[in-house]
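**Student:** Chains as they are written, first to last, in our numbering: chain Z, 3 to 303; chain L, 9 to 270.
Treat the hints with care, since some could be wrong.
As the list claims (entries may be wrong) - Short derived list, chain L residues pointing at chain Z, Cβ under 7 Å:
#, residue
1, 15
2, 45
3, 48
4, 123
5, 127
6, 213
7, 230
8, 255
9, 258
10, 260
Said to hold, decoys possible - Cβ-Cβ distance ranges computed for the label pairs, FRET-style:
#, chain 1, residue 1, chain 2, residue 2, range
11, Z, 202, L, 112, 35 to 45 Å
12, L, 28, Z, 159, 16 to 26 Å
13, Z, 214, L, 21, 17 to 27 Å
14, L, 12, Z, 120, 11 to 21 Å
15, L, 201, Z, 252, 35 to 45 Å
16, L, 56, Z, 201, 40 to 50 Å
17, Z, 290, L, 175, 36 to 46 Å
18, L, 41, Z, 57, 22 to 32 Å
Think of the hints as simulated: they come from the structure by calculation, not from any bench. Beta carbons are placed, not taken as given, at the ideal position from N, Cα and C, and that holds for glycine.
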Amino acid sequence: MNRRVVWFGELTTPARLYRRGLWLLLPAVVWILGLLVIPGLSLVALSFAERGPYGEVVWNFSLENYARLLGYGLFGWSPDTLFILLRSLWVAFVTTLVCIVLAYPLAFFIATRPPRTRYLWLALVIIPFWTNLVIRTYAWQMLLSPDFPLAKLAQTLGLLAPEAGLYPSPLAVYIGMITAFLPFVVLPLFSSLERMDHSLVEAAQDLYASRVRTFFQAIWPQTLPGLTVGIILTFIPAMGMFVIPDLLGGAKYLLVGNLIQQQFFASRDWPFGAAVSLGLMVMTLFGLALYRRRGKDVDLV
Amino acid sequence: MRLNPWVGLAAMATLAFLYLPMLAVAVLSFNKTRYGLQWTGFTWDWYVRLLNNPDILEAARNTFVLAALSTLVATLLGTLFALALGRYPWPRKSQGLLENLLYLPVVTPDIIFAVALVVAFGAFRTVSSLFEPGLFTMILGHITFQIAFVALTVRSRLKSLGHDLDEAARDLYASYGYYLRRVLLPLLMPGIVAGAMLAFTLSLDDFVISFFTAGPTSQTLPLLIYASVRRGVAPEIHALSTLIFLVTVLLVLASERLTRRG
Numbered sequence: 003m004n005r006r007v008v009w010f011g012e013l014t015t016p017a018r019l020y021r022r023g024l025w026l027l028l029p030a031v032v033w034i035l036g037l038l039v040i041p042g043l044s045l046v047a048l049s050f051a052e053r054g055p056y057g058e059v060v061w062n063f064s065l066e067n068y069a070r071l072l073g074y075g076l077f078g079w080s081p082d083t084l085f086i087l088l089r090s091l092w093v094a095f096v097t098t099l100v101c102i103v104l105a106y107p108l109a110f111f112i113a114t115r116p117p118r119t120r121y122l123w124l125a126l127v128i129i130p131f132w133t134n135l136v137i138r139t140y141a142w143q144m145l146l147s148p149d150f151p152l153a154k155l156a157q158t159l160g161l162l163a164p165e166a167g168l169y170p171s172p173l174a175v176y177i178g179m180i181t182a183f184l185p186f187v188v189l190p191l192f193s194s195l196e197r198m199d200h201s202l203v204e205a206a207q208d209l210y211a212s213r214v215r216t217f218f219q220a221i222w223p224q225t226l227p228g229l230t231v232g233i234i235l236t237f238i239p240a241m242g243m244f245v246i247p248d249l250l251g252g253a254k255y256l257l258v259g260n261l262i263q264q265q266f267f268a269s270r271d272w273p274f275g276a277a278v279s280l281g282l283m284v285m286t287l288f289g290l291a292l293y294r295r296r297g298k299d300v301d302l303v
Numbered sequence: 009m010r011l012n013p014w015v016g017l018a019a020m021a022t023l024a025f026l027y028l029p030m031l032a033v034a035v036l037s038f039n040k041t042r043y044g045l046q047w048t049g050f051t052w053d054w055y056v057r058l059l060n061n062p063d064i065l066e067a068a069r070n071t072f073v074l075a076a077l078s079t080l081v082a083t084l085l086g087t088l089f090a091l092a093l094g095r096y097p098w099p100r101k102s103q104g105l106l107e108n109l110l111y112l113p114v115v116t117p118d119i120i121f122a123v124a125l126v127v128a129f130g131a132f133r134t135v136s137s138l139f140e141p142g143l144f145t146m147i148l149g150h151i152t153f154q155i156a157f158v159a160l161t162v163r164s165r166l167k168s169l170g171h172d173l174d175e176a177a178r179d180l181y182a183s184y185g186y187y188l189r190r191v192l193l194p195l196l197m198p199g200i201v202a203g204a205m206l207a208f209t210l211s212l213d214d215f216v217i218s219f220f221t222a223g224p225t226s227q228t229l230p231l232l233i234y235a236s237v238r239r240g241v242a243p244e245i246h247a248l249s250t251l252i253f254l255v256t257v258l259l260v261l262a263s264e265r266l267t268r269r270g
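Starting from the given sequences, assemble the full structure and let the hints guide the process.
**Tutor:** Written out as C-alpha cells, the structure reads:
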C-alpha cells in the first residue's frame with residue numbers, strides 16, 4: 003500500500019488515512035455500541051429469560067413473556083396488556099391527528115408574518131418545545147385540578163361531579179400529549195410552508211378554485227415533506243411517552259411506556275420489561291421505515 | 009399574501025393553549041396562601057424559601073454538574089466522530105453503517121434508550137460497583153445520547169466548509185498540528201459551540217433517562233419536581249418551575265439572536 007494520494011491537501015497514503023480515521027472514530031463508536039446498541043440487542047436475549055422470585059433474572063429459555071404480552075397470564079387470557087398496547091397506538095394516533103389540525107393554522111400564520119417579526123412568532127413555538135416536559139405536564143395538572151375555573155365550569159355544566167377535577171382522566175392525557183407534541187409538527191410544517199411556491203396558490207385562485215380546493219390541491223401537496231417529518235416526530239415518541247400518562251392519566255389509563263417503567267421499578271420484572279420494550283421497538287421501526295421512504299429531503303428546523 | 013382572519017384567530021387560540029398552563033403556574037407562584045388556589049395576595053416568599061431550601065439547591069447543583077460534565081465529554085467525542093465521518097474516504101458500505109449508528113441515538117424512543125442503559129449498567133455492576141445508580145451513571149447515559157447530536161451539528165458545519173482552505177493551508181507547508189490549530193478548529197468552532205449548546209440543553213431538559221439511571225443521592229431538578237408533584241404540589245415548586253421557564257425563554261431568545269446573526 004505505497005500508493006500516494008492527496009486528501010484535503012495532504013500528501014499521504016490510504017493506509018495512514020484509515021489508521022487516523024479509525025482512531026477518531028473509535029471512542030464514539032465504542033461508546034454508542036457499548037451503551038446503546040449491544041444492551042439494546044441484549045434485550046432480545048433478556049426477553050426470553052425468566053424473572054426469579056426476588057426480581058433477579060433467571061436465564062431459562064421461555065416464551066412466557068411474549069405469551070403475557072399477548073395476554074396469556076396466570077389466570078388465563080385477559081386483554082389488559084393488549085389493551086395497553088392498542089391504547090398507546092390509539093393515543094399516539096389521535097395526538098398526531100389533533101396536532102396536525104392545530105398546527106396548520108399556526109404554521110400558516112407564522113409563515114405569513116413579515117420577516118422582521120416572523121422569528122419572534124417562531125420563538126413563541128420554540129419556547130414550550132424547550133421547556134421541561136415535567137414542568138409543562140404538572141402545569142396542566144394544576145390547571146385541570148378541581149378548584150380551577152376549567153373544572154368549575156365542567157362542574158356547573160354537569161359534566162363533572164362536584165368537587166371533582168378534570169384529571170386524572172383520558173382527556174387530561176390527550177391535552178397533555180397534544181400540547182407537548184404540537185411544536186414538533188408546527189416547526190417542520192413551517193419550514194415547508196416558508197419555502198412554498200405561492201404562484202400555485204394564485205393560479206388556483208385565478209381558476210376560481212374554492213378555498214377548500216385551493217388548500218387541498220395547491221397547498222397541502224407542497225407541505226407533505228414537512229408534514230411527514232412532523233408526523234414521525236410526534237407519533238413515535240408519543241407511543242413511548244410515560245411522563246404524561248403517569249402524571250395526568252392515573253392508574254386506569256396506562257400506556258406502554260408506563261408498563262415498561264413498572265417492570266423496571268415496582269415489579270422488578272426485567273425480562274417482561276424487555277419483551278414490552280421490544281414490542282414498542284417493532285412499532286417504532288415500522289414508523290421509521292415509513293419515514294425513510296417519504297421524508298428524505300427535509301431537514302429539521 | 010392575505011390571511012383569512014379565522015386562520016389568525018385559530019393560531020392565537022392555539023398559542024394561548026400552549027401558554028395557559030405555564031401562566032397559571034407563574035401567577036400561583038406569587039400567591040400568599042400555601043393550600044388551595046384562592047388568590048390571597050402577592051408575595052415573593054416562595055422564591056426566598058426556594059433559595060434557602062438545601063434539597064433544591066443540591067438538585068440544581070447536580071443538574072448543572074451533570075449537564076456540564078456530560079457536555080464536555082460528548083462534545084469531544086462527537087466532534088471527533090464528525091471529523092472521522094466527514095474527512096476520511098470510508099468505503100460506501102462502512103459509511104452507511106456509520107451513518108446509521110449516528111442516527112440511532114436520535115431516533116430511539118427515550119424509554120427504550122433508558123431501558124438499554126439500565127440493562128448495560130446492570131451488567132457492568134457485576135464487574136465494578138462504580139456503576140451503582142448515581143450521578144456517574146447519569147453522566148454516562150447523557151453522553152450516550154448527546155454524542156450523536158453534537159456529531160450531527162459539527163458534521164453539517166464540516167460539510168459547508170469544503171476543501172479549499174485545507175488545501176491552501178497544506179500548500180503553504182502548514183504542518184498537520186498547525187493546520188488543526190489554526191485552520192480547521194477555528195473554522196469548525198461555530199459548529200462545535202452550537203453542538204455543545206444543544207447537548208447542554210438536552211441534558212438539562214432530560215427526564216426519562218435521568219429517571220431510569222438516577223440513584224438516591226443524585227436528584228436533579230426535573231426529578232425533584234416530578235417527585236414533589238407525586239407527593240402533592242407545594243408553592244415552592246411553582247416558583248421553581250417559573251424560574252426554570254424564565255431561563256428557558258431567555259436561552260431560546262438568545263440562541264435565536266445568535267443563529268440569525270451568525
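**Student:** It remains to establish, for every hint, whether it holds in the given structure.
**Tutor:** We went through each hint and held it up to the structure:
Interface hint status for residue 15 of chain L: upheld, as the beta-carbon distance to the closest one in chain Z is roughly 5 Å, under 7 Å. Evaluation of the residue 45 of chain L hint against chain Z yields a held restraint, the C-beta minimum of about 4 Å falling below 7 Å. Taking 7 Å as the C-beta contact cut-off toward chain Z, the hint placing residue 48 of chain L at the interface is violated, the least distance being around 13 Å. Because the beta carbon of residue 123 of chain L sits about 5 Å from the nearest beta carbon in chain Z, less than 7 Å, this interface hint is met.
Hint status for residue 127 of chain L: holds, given a least beta-carbon distance of 5 Å to chain Z, under 7 Å. Proximity of residue 213 of chain L to chain Z holds as hinted, the smallest CB-CB distance being about 6 Å (cut-off 7 Å). Below 7 Å, beta-carbon pairs count as interface contacts, and residue 230 of chain L has one with chain Z at about 5 Å; its hint therefore holds. For residue 255 of chain L, the suggested interface contact is broken, since its CB lies about 10 Å from the closest CB of chain Z, more than 7 Å.
A least Cβ separation of about 10 Å between residue 258 of chain L and chain Z goes past the 7 Å threshold, and the interface hint is therefore violated. The beta carbon of residue 260 of chain L is positioned within 7 Å of a beta carbon in chain Z (closest approach about 5 Å), and the interface hint is therefore held. Checked against the hint of 35 to 45 Å, the C-beta distance between residue 202 of chain Z and residue 112 of chain L comes to roughly 38 Å, which is consistent with it. Under the hint 16 to 26 Å, the C-beta atoms of residue 28 of chain L and residue 159 of chain Z, about 19 Å apart, fit the expected range.
Separation of residue 214 of chain Z from residue 21 of chain L is about 21 Å and conforms to the stated range, judged on CB atoms against 17 to 27 Å. Restraint check, residue 12 of chain L to residue 120 of chain Z: a C-beta distance of roughly 18 Å satisfies the suggested window 11 to 21 Å. Between residue 201 of chain L and residue 252 of chain Z the Cβ separation comes to about 44 Å, which falls inside the hinted range of 35 to 45 Å. Remark: the range hint 40 to 50 Å for residue 56 of chain L to residue 201 of chain Z is contradicted by a beta-carbon distance near 60 Å.
For residue 290 of chain Z paired with residue 175 of chain L, a C-beta distance near 38 Å keeps the hint of 36 to 46 Å intact. Between residue 41 of chain L and residue 57 of chain Z, the C-beta spacing of about 44 Å breaks the proposed range 22 to 32 Å.
Checked against the numbered hints given earlier, this structure breaks hints 3, 8, 9, 16 and 18; the rest are met.
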